[in-house]
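Visitor: Chains A and B, in that order, are what the protein sequence lines are. Residue numbers for the first sequence follow UniProt numbering, beginning at 1 and rising by one. Residue numbers for the second sequence follow UniProt numbering, beginning at 1 and rising by one.
These are calculated hints, taken from the structure and not from any lab test. It cannot be assumed that every hint is accurate.
[Unchecked claim] Partial list, derived from the structure: chain B residues whose beta carbon lies under 7 Å from chain A:
no., residue
1, 45
2, 48
3, 49
4, 55
5, 57
6, 65
7, 68
8, 129
9, 223
10, 227
11, 234
12, 236
[Claimed, not checked] Over 10 Å on every C-beta distance to chain B, these chain A residues come out as not near it, computed from the model:
no., residue
13, 158
14, 286
15, 327
[Unchecked claim] In silico SDA-like cross-links for lysine to any residue, where the CA-CA straight-line distance does not exceed 20 Å:
no., chain 1, residue 1, chain 2, residue 2
16, A, 71, B, 231
17, A, 345, A, 407
18, A, 71, B, 58
19, A, 71, B, 61
20, B, 140, A, 138
21, A, 71, B, 232
22, A, 71, A, 90
23, A, 71, B, 57
No experiment lies behind these values; they were computed from the predicted model shown. Backbone N, C-alpha and C fix where the C-beta goes; we use that ideal spot for every residue, glycine too.
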Amino acid sequence: MPRDHVTVGRVMAQIAMVMNLDKCIGCHTCSVTCKQTWTNRTGVEYAWFNNVETKPGVGYPRRYEDQEQWKGGWALDRRGRLVLRSGGRVRRLLSLFSNPDLPAIEDYYEPVTYDYDNLVSAPAGDDMPVARPRSVLTGRPTAITWGANWEDGLGGAPENAGGDPNLSGAWAEKVRFEFEQTFLFHLPRLCEHCLNPACVSACPSGAMYKRVEDGIVLVDQDRCRGWRMCVTACPYKKVYVNHATGKAEKCTFCFPRVEAGQPTVCSETCVGRLRYLGLLLYDADRVGEAAATEDDQDLLDAQRGVFLDPRDPAVRAAARASGIPEDWLDAARRSPVYDLVARHKVALPLHPEYRTLPMVWYVPPLSPVLDAVDAAGGDQDDPDHVFAAVTRLRIPLEYLAELFTAGDTGVVAGVLMKLTALRSYMRGRALGEEGGEAALAAAGLTAREAEDLHRLLAVAKYADRYVVPAAHKEDAAALTATEDRCPVESPGGPGPREVMLGIPALRRDTPAGGRP
Amino acid sequence: MNAAPAPLPAASTSGADLLLWVAVPYICLAVFVVGHVWRYRQDQFGWTSRTSQLLEHRWLRFGGPLFHSGAFMVIAGHVGGLAVPGSWTEAAGVSEHVYHTTAVWAGSVAGLAMVAGLGMLCARRLLTRSIRLATDRSDKLLFPLLAATVVLGIAATAAHNVFGPGYDYRSTVSVWFRGLFALRPRPEAVSGAPLLFRLHALSACLLFAAWPFTRLVHVWSAPVGYLVRPYLVYRRRSAAAGRGLPTSAGPGPGSR
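Using the sequences provided together with the hints, build the complete structure.
Guide: Pasting the structure below:
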């Protein structure tokens with residue numbers, strides 16, 4: 001992006017993620033490994049820092065995208081100023097005693113464990129012993145009636161998926177009533193580590209912060225006083241209350257790994273290899289302005305306008321002046337995230353209309369459209385059929401636009417056509433056919449760009465997907481603070497314990513001792 | 001330093017009075033102060049309101065605001081009644097009758113709000129199984145103690161000032177209370193007060209002693225600074241690590 005006419009302000013680096021949704025098979029490996037790493041503790045059994053939702057679907061927690069109900073994110077007031085949708089500062093302090101917009105445990109689901117002990121300790125008998133579910137909250141046998149992805153693969157969708165807040169337009173009626181021609185895809189979600197985080201802005205005690213060095217949004221557990229305003233303010237509902245400690249917890253972007261130059265656990269273990277990690281440089285002085293862009297549909301371009309081209313000498317000079325080290329600048333130049341988000345523009349943010357400037361972006365899935373082509377008797381491999389379908393088959397397009405572009409179908413269609421053209425061109429090349437260039441040019445790609453994109457999206461080598469620069473030696477002293485112990489140590493763990501008056505002595509009468 | 005020495009407790013002050021109205025209050029105050037310093041330095045992680053709204057919100061929706069707004073009014077009333085001598089309000093042109101009427105009316109409203117709110121908070125804690133199981137030892141100390149203090153206080157007001165002939169605690173209990181802070185204890189001033197007032201004062205002393213070891217510490221973290229700070233908070237990694245591990249998940253010994 002040529003930016004020489006604009007003065008570059010305060011340059012900051014952000015470690016960001018892109019997910020290629022066409023490759024997501026909904027295996028939940030990311031969610032499970034994340035849970036094993038971060039939330040397999042009492043108090044956060046119900047919390048999934050990373051979860052995979054089936055779309056269309058109501059999501060987790062239920063209908064979290066309905067901001068009329070949950071009041072997450074930012075909005076513009078009558079004078080065009082950016083305000084938190086949940087209200088101003090005074091209003092927030094007045095709701096400290098009872099937060100009217102906080103999801104209840106039923107909106108997530110009741111966490112359970114199982115009577116595993118019964119499998120080995122049951123007396124000999126005619127029947128197989130079973131492990132019955134027990135509520136972790138009450139210790140009593142319970143029926144499992146909801147979960148973090150209850151409608152996995154559209155199971156139960158006719159009953160529930162109509163509640164998807166994205167199905168609000170007139171076009172959505174068709175999605176509800178013609179499920180024979182339905183479509184689905186999986187949407188892995190984690191904290192967006194936003195440039196304009198609403199949770200940080202809503203935290204009354206100032207316990208939440210965005211790290212200057214890498215943009216990771218964290219909760220300082222020592223300063224959190226449990227006012228739970230962050231949960232309401234986050235439109236993605238990715239801050240959780242630990243009901244045992246009464247404190248907020250959220251995705252850490254696996255900062256101990258990222259500091260060591262390793263990808264996050266969800267990325268590392270992704271079976272479909274659909275995640276990309278890399279640096280983005282951005283102009284911190286223009287974040288507020290971009291988030292206050294008047295038209296929802298202009299927010300995507302406004303956010304892209306905040307990102308800086310790491311190859312631009314002016315940007316590099318400004319970045320050095322802002323204290324960004326040389327190897328980070330090098331990593332920013334090699335960033336797959338910058339390529340997908342800003343250069344090829346095939347990645348889109350989730351719900352830009354929330355105005356938090358989210359930093360986990362998605363390459364929209366082509367599969368719903370391809371399925372539609374098949375259903376209409378067309379040929380998936382013929383770009384003309386697919387192009388026609390992209391423009392004609394409105395339903396999946398409208399739906400994707402609700403998710404990624406604040407309803408602007410043109411942008412989504414452009415990305416899908418680019419992906420189609422890329423497929424057809426690379427297929428032609430592999431088969432020794434000619435003539436794919438026309439489709440490429442129509443989608444706004446050169447042959448060189450197509451090869452780059454193909455290498456990123458299809459070949460997708462480990463080293464190309466994850467370009468994570470390690471934290472700096474200068475910070476070594478600070479980092480050793482985390483080195484000699486587990487960052488999620490629970491009370492009673494190894495080492496001398498501190499006073500923990502605030503921690504309840506957990507006496508759940510489950511055989512598993514309350515562990516999920 | 002020529003001020004006349006405080007009148008020594010007369011012979012009429014018994015040993016029991018000295019214990020109850022001098023020793024106990026000072027011990028409780030000392031525990032209150034030292035306990036807070038100790039806990040603030042040792043237990044930042046446990047320093048929280050311990051919200052349970054996630055588990056139960058129907059009772060809390062009314063009980064929480066009711067209790068807290070009542071508590072604010074009750075605290076303000078106690079400051080006015082205990083710390084401010086009657087002569088000051090007289091000098092400000094507020095007659096005893098006006099003071100008394102205002103105090104009884106406002107105090108009754110505030111007290112009832114606090115009792116009703118606390119009742120709801122206790123009810124949800126007892127009736128909601130998930131919250132009952134998450135109730136720790138400090139809560140089991142705090143809730144009965146707080147409830148006893150509040151109930152004794154409103155009972156004393158009701159028995160003597162609403163339905164009774166009226167009792168001028170400002171010339172007795174308040175004198176004792178101010179004497180404690182002026183380091184001139186006046187145990188004889190309170191020892192003759194009606195039983196309900198004396199029990200209320202004693203349970204309040206115990207409540208203050210228990211304060212630093214319970215969730216009541218969240219009172220001192222009332223986030224008034226939020227009104228003036230910038231929305232976005234940025235922090236350097238190194239600065240954060242210097243003052244303990246700022247992880248999002250779980251407690252750690254930190255670098256203290």
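Visitor: Any CB of chain A closer than 7 Å to the CB of residue 129 of chain B?
Guide: The hint holds - residue 129 of chain B has a Cβ within 7 Å of chain A, the shortest such distance being about 4 Å.
Visitor: Holds or violated: are the alpha carbons of residue 71 of chain A and residue 58 of chain B at most 20 Å from each other?
Guide: holds (19 Å)
Visitor: Is the interface hint satisfied for residue 55 of chain B? The criterion is a beta-carbon contact with chain A at less than 7 Å.
Guide: The hint holds - residue 55 of chain B has a Cβ within 7 Å of chain A, the shortest such distance being about 6 Å.
Visitor: Per the CB criterion, is residue 45 of chain B less than 7 Å away from chain A?
Guide: Hint on residue 45 of chain B: holds, closest Cβ of chain A at ~6 Å, below 7 Å.
Visitor: What's the verdict on residue 71 of chain A and residue 232 of chain B, does the C-alpha distance respect the 20 Å limit or exceed it?
Guide: holds (19 Å)
Visitor: Decide, holds or violated, for the assertion that all CB atoms of chain B are farther than 10 Å from the CB of residue 327 of chain A.
Guide: holds (16 Å)
Visitor: Is it true that the CA of residue 71 of chain A sits at most 20 Å from the CA of residue 57 of chain B?
Guide: holds (17 Å)
Visitor: Is residue 286 of chain A truly not at the interface, in the sense that its beta carbon sits beyond 10 Å from all beta carbons of chain B?
Guide: With a cut-off of 10 Å, residue 286 of chain A remains clear of chain B, as the shortest Cβ separation is near 13 Å.
Visitor: With 7 Å as the cut and Cβ atoms as the points, is residue 57 of chain B at the interface with chain A?
Guide: Holds: closest Cβ of chain A sits about 5 Å from residue 57 of chain B, inside 7 Å.
Visitor: Can the hint on residue 68 of chain B be confirmed by a CB-to-CB distance to chain A that is less than 7 Å?
Guide: holds (4 Å)
Visitor: Going by Cβ atoms only, is residue 234 of chain B closer than 7 Å to chain A?
Guide: Cβ of residue 234 of chain B sits 5 Å from chain A, so the hint holds.
Visitor: Between residue 140 of chain B and residue 138 of chain A, is the straight-line Cα distance small enough, at 20 Å or below?
Guide: The given pair, whose Cα atoms are some 18 Å apart, holds under the 20 Å limit.
When the structure is compared with the earlier hints, no violation turns up for any of them.
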